[in-house]
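Here is how the chains run, residue by residue.
There are 4 protein chains.
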Amino acid sequence: MSYSLGENRYGKSRIRLVTVRRGPERHHLRDLTVDVSLEGDFGAAHTTGDNANVVATDTMKNTVYALARDRFTGPAEAFGLELGRHFAAESAVTRATITLREHGWSRVELDGGPAPDAFVRSGELVRLARVSVDGAPGASSVGPANVEAGFEDLTVMKTTKSAFSGFARDRFTTLPEVDDRLMATKISATWGYRAGLPDGAGFDFDAAWERARTALLRSLAEHFSPSVQASIWIMASAIMDAEGSIDWVRMILPNLHHWSVDLSPFGLDNPGEVFVATTEPHGLIDATVHRRS
Amino acid sequence: MSYSLGENRYGKSRIRLVTVRRGPERHHLRDLTVDVSLEGDFGAAHTTGDNANVVATDTMKNTVYALARDRFTGPAEAFGLELGRHFAAESAVTRATITLREHGWSRVELDGGPAPDAFVRSGELVRLARVSVDGAPGASSVGPANVEAGFEDLTVMKTTKSAFSGFARDRFTTLPEVDDRLMATKISATWGYRAGLPDGAGFDFDAAWERARTALLRSLAEHFSPSVQASIWIMASAIMDAEGSIDWVRMILPNLHHWSVDLSPFGLDNPGEVFVATTEPHGLIDATVHRRS
Amino acid sequence: MSYSLGENRYGKSRIRLVTVRRGPERHHLRDLTVDVSLEGDFGAAHTTGDNANVVATDTMKNTVYALARDRFTGPAEAFGLELGRHFAAESAVTRATITLREHGWSRVELDGGPAPDAFVRSGELVRLARVSVDGAPGASSVGPANVEAGFEDLTVMKTTKSAFSGFARDRFTTLPEVDDRLMATKISATWGYRAGLPDGAGFDFDAAWERARTALLRSLAEHFSPSVQASIWIMASAIMDAEGSIDWVRMILPNLHHWSVDLSPFGLDNPGEVFVATTEPHGLIDATVHRRS
Amino acid sequence: MSYSLGENRYGKSRIRLVTVRRGPERHHLRDLTVDVSLEGDFGAAHTTGDNANVVATDTMKNTVYALARDRFTGPAEAFGLELGRHFAAESAVTRATITLREHGWSRVELDGGPAPDAFVRSGELVRLARVSVDGAPGASSVGPANVEAGFEDLTVMKTTKSAFSGFARDRFTTLPEVDDRLMATKISATWGYRAGLPDGAGFDFDAAWERARTALLRSLAEHFSPSVQASIWIMASAIMDAEGSIDWVRMILPNLHHWSVDLSPFGLDNPGEVFVATTEPHGLIDATVHRRS
Chain A
1 MSYSLGENRY GKSRIRLVTV RRGPERHHLR DLTVDVSLEG DFGAAHTTGD NANVVATDTM
61 KNTVYALARD RFTGPAEAFG LELGRHFAAE SAVTRATITL REHGWSRVEL DGGPAPDAFV
121 RSGELVRLAR VSVDGAPGAS SVGPANVEAG FEDLTVMKTT KSAFSGFARD RFTTLPEVDD
181 RLMATKISAT WGYRAGLPDG AGFDFDAAWE RARTALLRSL AEHFSPSVQA SIWIMASAIM
241 DAEGSIDWVR MILPNLHHWS VDLSPFGLDN PGEVFVATTE PHGLIDATVH RRS
Chain B
1 MSYSLGENRY GKSRIRLVTV RRGPERHHLR DLTVDVSLEG DFGAAHTTGD NANVVATDTM
61 KNTVYALARD RFTGPAEAFG LELGRHFAAE SAVTRATITL REHGWSRVEL DGGPAPDAFV
121 RSGELVRLAR VSVDGAPGAS SVGPANVEAG FEDLTVMKTT KSAFSGFARD RFTTLPEVDD
181 RLMATKISAT WGYRAGLPDG AGFDFDAAWE RARTALLRSL AEHFSPSVQA SIWIMASAIM
241 DAEGSIDWVR MILPNLHHWS VDLSPFGLDN PGEVFVATTE PHGLIDATVH RRS
Chain C
1 MSYSLGENRY GKSRIRLVTV RRGPERHHLR DLTVDVSLEG DFGAAHTTGD NANVVATDTM
61 KNTVYALARD RFTGPAEAFG LELGRHFAAE SAVTRATITL REHGWSRVEL DGGPAPDAFV
121 RSGELVRLAR VSVDGAPGAS SVGPANVEAG FEDLTVMKTT KSAFSGFARD RFTTLPEVDD
181 RLMATKISAT WGYRAGLPDG AGFDFDAAWE RARTALLRSL AEHFSPSVQA SIWIMASAIM
241 DAEGSIDWVR MILPNLHHWS VDLSPFGLDN PGEVFVATTE PHGLIDATVH RRS
Chain D
1 MSYSLGENRY GKSRIRLVTV RRGPERHHLR DLTVDVSLEG DFGAAHTTGD NANVVATDTM
61 KNTVYALARD RFTGPAEAFG LELGRHFAAE SAVTRATITL REHGWSRVEL DGGPAPDAFV
121 RSGELVRLAR VSVDGAPGAS SVGPANVEAG FEDLTVMKTT KSAFSGFARD RFTTLPEVDD
181 RLMATKISAT WGYRAGLPDG AGFDFDAAWE RARTALLRSL AEHFSPSVQA SIWIMASAIM
241 DAEGSIDWVR MILPNLHHWS VDLSPFGLDN PGEVFVATTE PHGLIDATVH RRS
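Residue numbers (this note's numbering), protein chains in the order written: chain A, 1 to 293; chain B, 1 to 293; chain C, 1 to 293; chain D, 1 to 293.
Fair warning: there could be bad hints in the mix.
Stated by the list, open to error - With a straight-line Cα cutoff of 16 Å, these simulated EDC-like cross-link-like pairs (lysine to aspartate or glutamate) come out: (1) 186(B) / 148(B); (2) 161(C) / 280(D); (3) 186(A) / 280(A); (4) 161(C) / 117(D); (5) 161(A) / 25(B); (6) 161(D) / 117(C); (7) 161(A) / 117(B); (8) 186(B) / 153(B).
Hint data in this document are derived by calculation from the structure and do not stem from the laboratory.
Build the full structure now, drawing on both the sequences and the hints.
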């Protein structure tokens, strides 16, 4: 044969799962978008059309809903571990990766306190969990799990304590140096929990996530930023300072430029008050910071 | 000539305006997307290519930024009135309509209180204001203003107290009657303030908006919904009960269906706990409720 | 009662319908997104929660699929007439409006000619049809139909023969006059067929649509444009010159600005060769041209 | 220090470039979205806020426009090589990656042939080129280049010759086996050209791209598909059969499910004619096929 199969994976994406737990006092609402992806002994499906090893993606979808019935009772990471172990136990699977995006809902506020059964979707961010579990090829035992968490689409702005100067200049450089600018970005942050967390049992993923989020936001507010690059380093360090179980943090930050409007043609000054927000083009900074062992 | 010009308007859309007011204690951040649209004596531009009456849309953009320098200090409705009067005073203009969508930002919470200069974009809803001002053709005087407000993209869910039964059945009807379902929708609500509000002077648009929003959410949480149609009536009435300056409320509500998953093939029951969220197709209900004079 | 119900309508949106007709030689693929909207005697559903007159939106969806089985064999307009008459015959309905967006697919080209059963989606435009049929309240007879057609999302560009000069100047005007610019827009065009077309029987909606599209594109290529406003007039006139059954044409055209890049800081000229394409903000021109009776 | 910087890169994304070459007979229109991304000696920017090595992303944008003036005269791959070598020559850069997405425009057809200066954007696909050039740290010499090409967003459908059967069944499997189904997908295909292509000089990237696209579409139309996995293998092999300079092909294919509608409640059969198109959830298959050396 002239060709060979290289890296490959397959799965079901955008499985939309909503659960309502109907407690005596109030309802609990959860809202996830789940992606399942498998790697393993699937070469025959590609090269000879033999589907014997293939778990149908429709079955993946069914499994997510069926396991959600009884086992989705804690953090998304724990449900991801349940799903990951289930799929990794399939004999053909060498790795199952479960990505869970949780959409937040807050309770409507009433005079007597939070409503028991009415909710508003909070669009501030999407909480992210990603769990991968290794499978033993040809066996139903499962190997160690790897748990990542984070969030997407948290849009933030610093209206001062941000500068950009001292950068390289060449014949195509026209950008002036600025010692006070707006810095706005839509944060995607992912972090990895230390291997050997006892597979999540007894570990409070919600509390760890909340400590990480809080540390990032405080750091955002307090640090002086000489560049988006430096802000990643500072905020990632703050996350790991705050949460010892996190081994690394990756951030991918667009620089959502806000340009000061030149009002001088209209006889007006603009002392850092009026800006045009832009989305295109945008800077894009991607960096990972590791805890030293 | 065989053809005649009918209804027409033109303007600039998606003018992105961000302002930072730098107070001694803390910064104030505002974020608007503004659309300007004009109607008037623009027939010659269409039929003979004579642009003499045409205010360039680039000029509209400049005007929004220039007026924002000093006059965007209160609610979006008040800034819309400034802009509307400016454009209505152009001699060719018979009506200027300004639509302002405000994107909310909240302060990062620190130990010592809210941050003075760091913000998180709150994606819960977009606040809407729409102001139209009549112009006197051929003169620079302006006529009365009309002010609408509301919001877009407030996604909400009731996990009980929603039913749908007693509807018409024909040979294409398969939907069962249900006395307890999830009801989810993304609310677009617009309301009109009473004419004769003294052009906004002395009227607190922020407080009125907040009363309307609060009334809608409380009503959402508390009422029993026999249909989305009935919910619009109930929530619109609640808004007008709470805010006497509002003459009418229009809501356009998609019915974002959540289907209970049949888990019986897997030997599981599903007592209203596991749902698939869908976006397509969706019901769409559009109704306006008026205060009787 | 303090409140009264004003304008209202409801329906099902984004019903995704794909049909494959399996001819002996080749398959015929159609792809529609259908919206159904009803007006009529639905006040009780709003004000008293009485759903007796309400056709469930789920029933609307079922009806679209069921009628598609045998009756979707011609142009979208004809299928819209079938659906419109069906719903207008419901006793509570005073008007049924059916909007059909058709997504084009072309055949894969093979050496021996077009493939019989493999297709590529052509993203150039979305064809639009909108049919409304009046119902007789309390009766199952239906009244006259109104048929509109058009398209959405046809993005076009003229690289010359477009200017913008002679416009009004005030203190906020900085735009220079230009006698040669790029003009780019994403065309939404809708037109209305003459009432009294015998309800579509014997009328070739496909041929009329094609004549209108061709006339618009030729006119786009050939005319000199002193403004987007004038281009609407010219292109709408060309459509009606080409197709006598069309009574009016409405176009809503964003002005997708392409700004010439100033390359002089880099020692380079730019004789109308290098542009930055922008999407925000954009001009927006909306006008309707009527055939004189 | 407790932390160390791991993988990192930065750049400018979504640089929108349109060029018009004004030939004596007709204009030539090109439309690109360009992303620039650099890796190299940028640690100090992160860890100490020292920007001395940092090429501002604004400079990247300027460079794209300036080089486009004279050097964007051939295929996107060739312009990517120009840009990649320019940035790789910066002393801090170890790798420059340029991603170019080209949006197609076709000429308006007139009676006398294609229009010289009026264009329609063809939305069928986005052509992709990605060039990476290695830099010598601390020097302005550049190393070898790597060129990839492909396309995104080509939506296709097979209305027969697609099946899915013989797959694994477990207690969560409800999907029936089918020997004739619709297969629809939105193709993202990327391929790598053989290293040692003399840096693009003398190589006809347009012709190679066109051979690859044609081979993929023919293969799509002609092969029997036992699964999406097998289709990737077959189509990737066809691409490499047709174009000997391609060493590998990667495809990422969503399975855009079309479900046959059950019309039996309405007394109708459905012999593979009426389908509901869905987007969520969807299967997702990702595989790379290599040419054996």
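Within 16 Å, alpha carbon to alpha carbon, are residue 186(B) and residue 148(B)? violated (19 Å)
Given hint residue 280(D) paired with residue 161(C) - CA-CA distance at most 16 Å: Violated: residue 161(C) and residue 280(D) sit about 45 Å apart, past 16 Å.
Given the proposed pairing of residue 161(D) with residue 117(C), does the C-alpha separation stay at or below 16 Å? holds (9 Å)
Hint consistency between residue 161(A) and residue 25(B) [alpha-carbon to alpha-carbon, up to 16 Å]: holds (15 Å)
Please verify whether residue 186(A) and residue 280(A) have alpha carbons no more than 16 Å apart. holds (14 Å)
Does the structure keep residue 186(B) and residue 153(B) at a Cα separation of 16 Å or less? holds (5 Å)
Starting from residue 161(A), check that the Cα of residue 117(B) is at most 16 Å away, please. Holds. Residue 161(A) to residue 117(B) sits at ~9 Å (cutoff 16 Å).
Verify the proposed pairing of residue 161(C) with residue 117(D), using a straight-line Cα cut of 16 Å. Holds. Residue 161(C) to residue 117(D) sits at ~9 Å (cutoff 16 Å).
Checked against the numbered hints above, the structure violates hints 1, 2; every other hint is satisfied.
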